[in-house]
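S.K.: We have chain X; now place chains Y, P and B onto it with these hints.
There are 4 protein chains.
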Amino acid sequence: MGSSLGENLRLTIFGQSHSPAIGMTMEGFPPGFRVDQDALGRFLARRAPGNHAWATPRKEADEPEFLSGLVGDVTCGAPMTAVIRNTNTRSQDYDGLREVPRPGHADYPAAVKYHGYQDVAGGGHFSGRLTAPLCVAGGICLQYLEARGITVRAHIASIGGIQDEGDPFRSVAEKPFPTLSDERGAEMQALIAQARQEEDSLGGIIECVAVGLPAGLGDPMFGGMENRLAQAIFGIPAVKGVEFGDGFSAAETRGSENNDAYRMNHGTLRTETNHAGGILGGITTGMPLRLRAAVKPTPSIGKSQRSVNLRTGEETTLRVAGRHDPCIVPRAVPVVEAAVAFVLVDAMLGRKRETEDA
Amino acid sequence: MGSSLGENLRLTIFGQSHSPAIGMTMEGFPPGFRVDQDALGRFLARRAPGNHAWATPRKEADEPEFLSGLVGDVTCGAPMTAVIRNTNTRSQDYDGLREVPRPGHADYPAAVKYHGYQDVAGGGHFSGRLTAPLCVAGGICLQYLEARGITVRAHIASIGGIQDEGDPFRSVAEKPFPTLSDERGAEMQALIAQARQEEDSLGGIIECVAVGLPAGLGDPMFGGMENRLAQAIFGIPAVKGVEFGDGFSAAETRGSENNDAYRMNHGTLRTETNHAGGILGGITTGMPLRLRAAVKPTPSIGKSQRSVNLRTGEETTLRVAGRHDPCIVPRAVPVVEAAVAFVLVDAMLGRKRETEDA
Amino acid sequence: MGSSLGENLRLTIFGQSHSPAIGMTMEGFPPGFRVDQDALGRFLARRAPGNHAWATPRKEADEPEFLSGLVGDVTCGAPMTAVIRNTNTRSQDYDGLREVPRPGHADYPAAVKYHGYQDVAGGGHFSGRLTAPLCVAGGICLQYLEARGITVRAHIASIGGIQDEGDPFRSVAEKPFPTLSDERGAEMQALIAQARQEEDSLGGIIECVAVGLPAGLGDPMFGGMENRLAQAIFGIPAVKGVEFGDGFSAAETRGSENNDAYRMNHGTLRTETNHAGGILGGITTGMPLRLRAAVKPTPSIGKSQRSVNLRTGEETTLRVAGRHDPCIVPRAVPVVEAAVAFVLVDAMLGRKRETEDA
Amino acid sequence: MGSSLGENLRLTIFGQSHSPAIGMTMEGFPPGFRVDQDALGRFLARRAPGNHAWATPRKEADEPEFLSGLVGDVTCGAPMTAVIRNTNTRSQDYDGLREVPRPGHADYPAAVKYHGYQDVAGGGHFSGRLTAPLCVAGGICLQYLEARGITVRAHIASIGGIQDEGDPFRSVAEKPFPTLSDERGAEMQALIAQARQEEDSLGGIIECVAVGLPAGLGDPMFGGMENRLAQAIFGIPAVKGVEFGDGFSAAETRGSENNDAYRMNHGTLRTETNHAGGILGGITTGMPLRLRAAVKPTPSIGKSQRSVNLRTGEETTLRVAGRHDPCIVPRAVPVVEAAVAFVLVDAMLGRKRETEDA
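Residue numbers (our numbering), protein chains in the order written: chain X, 896 to 1253; chain Y, 896 to 1253; chain P, 896 to 1253; chain B, 896 to 1253.
Mixed in with the good hints, there may be bad ones.
As the list claims (entries may be wrong) - Short derived list, chain B residues pointing at chain X, Cβ under 7 Å:
1. Arg1165
2. Thr1168
3. Leu1244
4. Lys1247
5. Thr1250
Stated by the list, open to error - Label pairs and their calculated CB-CB ranges:
6. B:Gly1208 x X:Glu1210: 49 to 57 Å
7. B:Glu1210 x P:Arg1065: 24 to 32 Å
8. X:Gln932 x P:Glu1078: 55 to 63 Å
Keep in mind the hints are simulated off the structure, nothing from the lab.
Note that CB positions come from ideal geometry on N, CA and C, so glycine has one too.
Chain X extracted, bound-state conformation (with noise of 0.2 Å):
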């Protein structure tokens, strides 16, 4: 049962591309918080489509509605649910897929898994629609970490190997192509047009940091912020690795060089660096998180690939028809940002529990 995620904070996902509606509940949050939703409604817009060259034409206005857990906009402590309407489905652009799956896609397991009775239209629960409502939850937790100082950033990294340059805790959060530098993101969009054009797809690599945690988050062994946020990244679709700090790299490096060595800097204890991305054992240090998720070329593409008719047994070919992003790297960031978010609130809210009794 994989669409609930979290120990302290609750998120249950539900949802298909083209059933009537897409949501989430999530319990646990603290009661009291005012929710901003005109910075909610921002913040899901950098996911939706937009009238991007670099995203899908399937337009939806992504605006949740609350069902639950609020009393005006303030937390009320019951479970908190929105849902999203699916209002621009067009289901006949899946019809042949029951029998033929789209190499790269989930279609092949979920038909073996679900003995054949899984909502095919859109993907149904493994869309990548399903990440409008986790981009709720996570809006919602990066309000109450910016309300405690607490800073997630993330933007692209590369894409089809261009790689971005510039501070990494600056905000791209305005930009349409969120990137550092304008000039790489610039060369990034070309590549993706060319994609486009070519009927083919991109994929690139994420990274987020954040920054103003406290030190001491986290849990030992297989709950550890490498653990949950590991967990969390993979649920986005597409995703097929995770690092944290150096990550892969430091592999290859000696200890004294990965090693962080510590100092004292105005009475707070901190690293001189930070390869270990702000995570020892598992637990916070309290220096900036890092992580990179790296994101798949989007399997649905419109060249023609080899593929087999499971009722038949006969090999065939495909082009996928619909309508998808020839990379979803670019929306993907701020869906990298609300798992990231929504772990470190989990994580939070685990930590209040071992507060020193009076």
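M.R.: Showing chains Y, P and B alone in chain X's frame:
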């Protein structure tokens, strides 16, 4: 509460490096399975330090005593608990650690989290020694998988930048140094010897494959195989990155390259390539599962490092005494197999729940 | 985080009495099951207030809208979410409750727990109205059980001391007042009418049986059927006691009386008596499951009661306005069936996990 | 997987009656708490059989060995594991039980559930002996509660129909036979002696109160204190009913009688009566928590009983050999205290999570 893992099979790990014992409880394992204690002992020996140049001189037999869950050597359905006594402890080596945290270790965040009451000796509950009970659980799971024709095999993919070469489906279980290529293994060992000489340490990458899996394992979103495997593998100390299939490399490719086309092979659906590492939408495809884990260099090094006395706030230097591995990657290879095997059995038991009703 | 229930089948209930909607998400339900929406509607109507003298004049249709989890009316394996709009809300009835808690209600402890931010209107998340989504989930589970030859039947065992009489395995689903004996039912209704007249309320006991269960459902210790059923049934507002089989009466007997002797009946193991209520060691025996739940009198009464103004600390009196049931026992009968059905399906799915390997 | 309990404090119990050891792991207990091992020993002695006429002649010291979670006697935040060796086992007493299930025991449903692989000796994992590790966990929780001014006290409310009398807030911990009234206790003991003489057994009722609790503990719906306490207490073998406050009696009263009116008492909100047993809407009110648990007569009796040979299908008779308690109620009194204490600490830790943000 991070010392537990699994949904259908529930593992709890307990113990500290220098407490009377370490151990594990595993609940939900099917009754009627005969544990091959000799094979389990051989598996545990692969993780044990042995007399190898790359391992800690702390020698312990790691012989588990089963307290429950077995009748004779056959599982009876009750929770299985095994303990390993800690016999070779030299806690005085760690006397200073409460005040001066070792860079790269959990010492400092643990002190914050536990308000100074954490067990500092040997790293306490954060010690790599806690991977021994994980190997007890995983070793039994490996036997369960083997009886069902499923093979899990890990090897060192690289150490200090030196890459292993060869067929990852070959077993290295009999080798003292678990590389596919003995030549590359010799080069790695030389590099480790040199690092030890310099009182330094090395990291590396471990690759793991699992063959023979059915399609349909795993759950959507946060319960996918990638999410669960990552949650387990980040529980192994020093792991800083996990990727599946082509992982971070996939981020640089195009959809037409990265998608794995379907074909029929003697009546079975297969993919021509396996960039996905056997997982789509979090669910197994029936192709080999393939993942890589990045291990940072052992933080315990003899070289002088800068740290801070937590009590006085004064900056100081530290040389880590105690007995440590200059490179834990070789010993972590069976631990990765154990973690993967545990997650696979957990998913297979969950999959049983999904059998169609008669 | 108490609004979720179940291990193999996971139910989350959301909504407040006067929020835009109430609803439920159920994950883990087997795919390919056709929900009979008409039968579900009839089941929900049993809980709905109707035009009965014993029920609240707040009339709502309780028509669930399924947002996800179905393709047509067939389950697809994705989380099933259904919502029921709250249309007939008169929040002004509750204006004073934030300051003066109603005796016998959750008002005061909720105010403490949520630091004054709880939704007071209609009892918020603590309202009996939240049993409607439980009935949506349970109603579907009842259909699943019936398709497998398992029948769950509850009836009023007593109200205000008047005992029902008759065969508890007979269905009362078609009756407006769910007693086995119409005569005793008429007496109870007269008693309720009198209590209503006196602006007072009544409690009662509900008995529930389940027939056709296989032996072997449930887990040891804290996962037994009694533990799980009790956890579910105490989730129904106003339940203050739960007993299985002979329950509290068994405490007055001797082992030789209370033990149920085994015998063979046409090749099947049965017990001669069923004092155990079909559960031994927490596991079903294959005999009818039998339980009773004690429901306290509705706390909302028109009679004057003493309370305290939480803001001023002054003692005051209170007459509960709003629209309330003088006795919720009749409407709680299908809710007990729903709770039992949910727990049974949860246990049956868990039991599938335990099938022997081929 | 039923051998675990708790959300913020996680208890796992392992062991079989005749396995090498039984024990428990408790994770999430606050660090820095000094366990009073002597007091714990005295508490465990209350459950141990002793030399009493009403208890089994199987004598075991029940001395727990702590394997982890402590530094000295102070909790360090890591999972706490304690084991108790099984020394006095006479498994041959149980040789016949695999074929002929004892009426009233878990033998038959366990054989079905575990496909015949269950540990039959001494009842295996279903044995009452497994309440010893529950008492280790609960005994520590009792100390934690006492240090915070919270007292948990249970006594025998009745045995075989004889009622105890007196003030339930008085401690009976020092008494060999835990009744409030020594006279009534003597009558009960006489009744037990007579049942033993007749190779029969008796049940009874245990009452438990907890004083000093803050208001606000517990969660809505399925996470209420009643739900959690019932889940824990039904984990004690032979418990068949649980009620809170007036419980089943409340079902016969009217709202005007059963509602507890509020008043101010030296600046604190109190209720004039406590029919609710200190719980409203699942949440504590700050008034004494009060519950009763019904214990069925010990199923193991020397008297001849009818059963069936599971292998041959033939009906047969059975006299339970082995060493059994003619009435387990006296020994179950501290077990109820332990279960209640565990649930209370779990809820108190959860409550910490809800502290208002600065």
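S.K.: Each hint needs a verdict: does it hold in this structure or not?
M.R.: Status of each hint after checking the structure:
no.: 1; hint: Arg1165; result: violated (23 Å)
no.: 2; hint: Thr1168; result: violated (28 Å)
no.: 3; hint: Leu1244; result: holds (5 Å)
no.: 4; hint: Lys1247; result: holds (5 Å)
no.: 5; hint: Thr1250; result: holds (6 Å)
no.: 6; hint: B:Gly1208 x X:Glu1210: 49 to 57 Å; result: holds (55 Å)
no.: 7; hint: B:Glu1210 x P:Arg1065: 24 to 32 Å; result: holds (31 Å)
no.: 8; hint: X:Gln932 x P:Glu1078: 55 to 63 Å; result: holds (57 Å)
Against the hints set out earlier in the document, violations occur for numbers 1 and 2.
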